[in-house]
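K.L.:
Let's have the full structure, built from the sequences with the hints guiding it.
Protein chains: 2
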Amino acid sequence: MTKVISSASMSLDGFIAGPSESGFEYLFAWHRNGDVNVPSADPRWSFQVTETSADHIREQLATFGALVVGRRLFDVTRGWGGNHPCGVPIFVVTHRAPVDWPHPDAPFTFVTDGLESAVRQAKAVAGERHVGVAAGDMARQALDAGLLDELQIDLVPVLLGSGTRLLGDLAHAPVTLSGPTVAESIGVTHLRYQVNR
Amino acid sequence: MTKVISSASMSLDGFIAGPSESGFEYLFAWHRNGDVNVPSADPRWSFQVTETSADHIREQLATFGALVVGRRLFDVTRGWGGNHPCGVPIFVVTHRAPVDWPHPDAPFTFVTDGLESAVRQAKAVAGERHVGVAAGDMARQALDAGLLDELQIDLVPVLLGSGTRLLGDLAHAPVTLSGPTVAESIGVTHLRYQVNR
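From first to last, the protein sequence lines stand for chains A and B. Residue numbers 272 to 468, in our numbering, belong to the letters of the first sequence in order. Residue numbers 272 to 468, in our numbering, belong to the letters of the second sequence in order.
I should point out that these hints are in silico values taken from the structure, not numbers from a laboratory. Among the hints, erroneous ones may be present.
Said to hold, decoys possible - Facing chain B, according to a computed beta carbon distance under 7 Å, are these residues of chain A, among others:
{"id": "1", "residue": "V429"}
{"id": "2", "residue": "L430"}
{"id": "3", "residue": "D440"}
To be verified - Away from chain A, derived, C-beta distances all over 10 Å, residues of chain B:
{"id": "4", "residue": "S278"}
{"id": "5", "residue": "H302"}
{"id": "6", "residue": "G305"}
{"id": "7", "residue": "N308"}
{"id": "8", "residue": "S317"}
{"id": "9", "residue": "Q319"}
{"id": "10", "residue": "G352"}
{"id": "11", "residue": "R367"}
{"id": "12", "residue": "S388"}
{"id": "13", "residue": "E421"}
{"id": "14", "residue": "E455"}
{"id": "15", "residue": "Y464"}
Unchecked claim - Every beta carbon over 12 Å from chain A, so not counted as near; a handful from chain B, in silico:
{"id": "16", "residue": "G285"}
{"id": "17", "residue": "R303"}
{"id": "18", "residue": "G336"}
{"id": "19", "residue": "D371"}
{"id": "20", "residue": "T380"}
{"id": "21", "residue": "E387"}
{"id": "22", "residue": "G434"}
{"id": "23", "residue": "P451"}
{"id": "24", "residue": "N467"}
A virtual CB, placed ideally from N, CA and C, is assigned to each residue, including glycine.
P.N.:
Pasting the structure below:
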């Protein structure tokens with residue numbers, strides 16, 4: 272069954288970004304702290320990680336058959352230049368499609384009728400693989416709508432003190448989880464939780 | 272060397288209490304989810320935990336030679352009835368000592384000249400053992416003052432959505448950590464981090 276999964280690098284104190292979009296050099300230091308090269312679908316970008324983190328990333332890259340992303344993440348990354356590292360169809364949840372998107376042939380679909388529609392469309396093309404949801408605000412909406420099956424947290428040994436919380440305020444808290452499965456790396460602990468219904 | 276350590280059960284989204292002091296039945300469910308009995312220094316209270324968590328708790332009980340606690344925690348617990356589960360001297364940081372403390376012979380000291388003084392006094396009696404600091408607000412003050420050496424987080428598979436954050440806003444963020452060492456139990460992941468200076 273196709274699962275809906277959200278994945279994030281998070282500080283020990285629960286932030287996926289520090290104040291004013293800071294802290295990424297800490298949160299993603301583990302992408303560059305090893306000697307195993309893991310290529311992404313984007314030839315301009317590869318990971319340089321520990322063996323444990325390499326296994327984790329390879330599995331993630333193989334896991335996702337489609338992604339649902341928010342408009343803000345799309346804008347911040349400039350739509351990954353039309354070439355997302357996962358190399359799969361991307362469904363961008365937005366109120367209005369961009370008028371000047373310079374990569375019309377890239378596998379990006381702009382979904383203007385909401386997250387549920389985007390998840391449904393993503394599942395339809397993911398085949399046997401899973402649907403990823405990013406970033407935090409989309410993940411929270413998916414959780415609130417009962418659509419989220421799994422949370423993959425890359426827990427980083429840093430305290431950011433303030434910033435953007437993993438999911439923010441939930442509509443239906445508390446939410447209990449099962450797990451985690453744990454993979455201990457250097458500079459990160461990979462945790463995988465299932466959302467209980 | 273005597274270390275200053277803070278320990279907390281925390282939700283995956285970074286809360287040590289839910290809204291309006293809720294959520295403890297989730298955060299401390301692991302205290303009661305196993306078949307290994309671990310007595311505390313208080314004969315009215317014992318833990319009933321998994322073997323892994325039993326090892327963790329026994330080590331904590333043996334680790335601390337003194338505790339520094341805030342007045343709020345002292346009040347909420349009614350001073351543990353004069354009998355803290357750790358069975359060690361307790362230094363209560365407060366603006367004013369209580370006038371009606373009904374356990375004058377219990378090993379409680381009311382410290383009115385601040386956290387640093389309390390930590391100094393606690394270290395003096397801890398001997399070869401370590402000093403624990405609780406709860407979150409005291410831990411944050413200790414971290415801000417450069418006094419905190421270690422964070423022990425019992426990470427619980429629940430999302431509380433809002434409430435009291437682990438440490439709150441830090442004076443000097445980000446703070447990098449080393450570790451963690453990991454002990455995987457059921458219903459909790461025991462993580463131990465060293466604070467980098």
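K.L.:
Please name the hints from earlier in the document that this structure breaks, with their numbers sorted from lowest to highest.
P.N.:
As far as the earlier hints go, 14, 15, 16, 22, 23 and 24 are violated by this structure, in ascending order.
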